[in-house]
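Novice: The lines below spell out each chain.
Protein chains: 2
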Amino acid sequence: MANLDLYLIRHGLAAERGTFAEDGDRPLTEAGQQKTQQVAKHLRALDLKFNFLLTSPLVRAHQTAAILVAAGLAPQLSIVDYLAPGGNLSDWLTWLRTVDVSCVALVGHEPDLSTWAERLLWGESHGVLTLKKAGVIGLSLPGDRDPLGRSTLFWLTPPRFLLE
Amino acid sequence: MANLDLYLIRHGLAAERGTFAEDGDRPLTEAGQQKTQQVAKHLRALDLKFNFLLTSPLVRAHQTAAILVAAGLAPQLSIVDYLAPGGNLSDWLTWLRTVDVSCVALVGHEPDLSTWAERLLWGESHGVLTLKKAGVIGLSLPGDRDPLGRSTLFWLTPPRFLLE
Numbered sequence: 031m032a033n034l035d036l037y038l039i040r041h042g043l044a045a046e047r048g049t050f051a052e053d054g055d056r057p058l059t060e061a062g063q064q065k066t067q068q069v070a071k072h073l074r075a076l077d078l079k080f081n082f083l084l085t086s087p088l089v090r091a092h093q094t095a096a097i098l099v100a101a102g103l104a105p106q107l108s109i110v111d112y113l114a115p116g117g118n119l120s121d122w123l124t125w126l127r128t129v130d131v132s133c134v135a136l137v138g139h140e141p142d143l144s145t146w147a148e149r150l151l152w153g154e155s156h157g158v159l160t161l162k163k164a165g166v167i168g169l170s171l172p173g174d175r176d177p178l179g180r181s182t183l184f185w186l187t188p189p190r191f192l193l194e
Numbered sequence: 031m032a033n034l035d036l037y038l039i040r041h042g043l044a045a046e047r048g049t050f051a052e053d054g055d056r057p058l059t060e061a062g063q064q065k066t067q068q069v070a071k072h073l074r075a076l077d078l079k080f081n082f083l084l085t086s087p088l089v090r091a092h093q094t095a096a097i098l099v100a101a102g103l104a105p106q107l108s109i110v111d112y113l114a115p116g117g118n119l120s121d122w123l124t125w126l127r128t129v130d131v132s133c134v135a136l137v138g139h140e141p142d143l144s145t146w147a148e149r150l151l152w153g154e155s156h157g158v159l160t161l162k163k164a165g166v167i168g169l170s171l172p173g174d175r176d177p178l179g180r181s182t183l184f185w186l187t188p189p190r191f192l193l194e
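So the sequences go chain by chain: A and B.
First residue of the first sequence: 31, per my numbering; consecutive thereafter.
First residue of the second sequence: 31, per my numbering; consecutive thereafter.
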């Protein structure tokens, strides 16, 4: 199989903790929606197109993924439990081995996404990658689908560095 | 001292190897100059301003640094031998401990720059960071000036992801 470009995208700015009875119900704020739309527009201007867009089921992530689909970045979104906070990278790797794709995006939470990125790059995580809300990490994974400690980093950006 | 933002910038596209008797004399191509100017313009639009801009003495790096100065990103450039290919990170760390600055840029070569970045992040290098010509790495170093294995990565971008 070909190498895989993997984009890890953190959900946008959401309502503060404690403002909803269930943490998973917190939606994006209006500013969070706008910033996420700006990021989506920039990604489209770069001609990115994801074969699959997988998202955490939490409202703030699901809304972020919906904005990316609306911008034309992916044909549809799929909600997967293992992208909820505390989810397991090995669950995603199991899925990865069932598909033949070249470009996948995951929408989720911190510190999970940057931890997954470090495990793909170095095999373990030291907490050295800073992923802001609506920020993006771009990784290249080897085609043999055995990516732990064998991937490379070609992009990491906060949303404020993505000009319109 | 305050944390230090460190930008590692690879020289732009240069004339091919073997076209000059001395490798260090190879200049940027016209396309390399244009792409580097575009990157410089983007960095200025982000309001970046370097207290110090240090560069490798090789022509392709020196020219890249001059483009960054012309764009208003730094008051001047300083040529330092330890940014030539194969230079020693500890020489730069020695310099760093003599200045009180918050934002520094280094213009140099691969694989040195990405190797230095990995040593600052993880203490050692596994060759997992992809730094393209005229690409940028952004690191945050702790204020105590003991940054090896204790820094964080907030930015890594190829020039093609920096839209005008």
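Hints are not guaranteed to be accurate.
Because identical chains share one entry, a pair is satisfied inside a single copy or across any pair of copies.
[What the hints assert, rightly or not] Simulated crosslink set (DMTMM-like; lysine to aspartate or glutamate; CA at most 25 Å straight-line):
id, residue 1, residue 2
1, K162, D77
2, K79, E46
3, K71, E52
4, K71, D111
5, K79, D55
6, K71, E154
7, K71, D174
8, K163, D77
9, K71, D121
10, K71, D53
11, K79, D53
12, K162, D35
13, K163, D35
14, K79, E52
Calculated directly from the structure, the hints in this document are not laboratory data.
Novice: Each hint needs a verdict: does it hold in this structure or not?
Specialist: Results of checking the hints against the structure:
1. Proximity of K162 and D77 under a CA criterion of 25 Å is satisfied in both settings, with 22 Å inside one chain copy and 19 Å between copies.
2. Neither within a single protomer nor between protomers do K79 and E46 lie at most 25 Å apart by alpha-carbon distance, with minima of 31 Å and 33 Å respectively.
3. Taking the shortest alpha-carbon separations for K71 and E52, neither the intra-copy value of 31 Å nor the inter-copy value of 45 Å comes in at or below 25 Å.
4. In this homomeric assembly, K71 and D111 never come within 25 Å of each other (Cα to Cα): the closest approach is 27 Å inside a single copy and 42 Å across copies.
5. Within a single copy, K79 and D55 get their C-alpha atoms no closer than 28 Å, and across copies no closer than 41 Å, so neither meets the 25 Å cut-off.
6. For the identical chains of this complex, K71 and E154 are neighbours neither inside a copy (33 Å) nor across copies (37 Å), given an alpha-carbon limit of 25 Å.
7. For the homomeric pair K71 and D174, neither the shortest alpha-carbon distance inside one copy (32 Å) nor that between copies (39 Å) is at most 25 Å.
8. In this assembly of identical chains, K163 and D77 lie within 25 Å of each other by CA distance both inside one copy and across copies; the values are 22 Å within and 20 Å between.
9. With identical chains, the CA atoms of K71 and D121 are never at most 25 Å apart, being 30 Å at best within one copy and 43 Å at best between copies.
10. With identical chains, the CA atoms of K71 and D53 are never at most 25 Å apart, being 28 Å at best within one copy and 41 Å at best between copies.
11. Taking the closest pair of Cα atoms, K79 and D53 never come within 25 Å of each other, the shortest separation being 31 Å inside a single copy and 39 Å across copies.
12. Proximity of K162 and D35 under a CA criterion of 25 Å is satisfied in both settings, with 20 Å inside one chain copy and 16 Å between copies.
13. In this assembly of identical chains, the alpha carbons of K163 and D35 lie at most 25 Å apart whether taken from the same copy (21 Å) or from different copies (20 Å).
14. In the homo-oligomer, the alpha carbons of K79 and E52 never lie at most 25 Å apart, since the shortest distance is 33 Å inside one protomer and 43 Å across protomers.
Hint compliance for this structure: hints 2, 3, 4, 5, 6, 7, 9, 10, 11, 14 are broken, all remaining hints hold.
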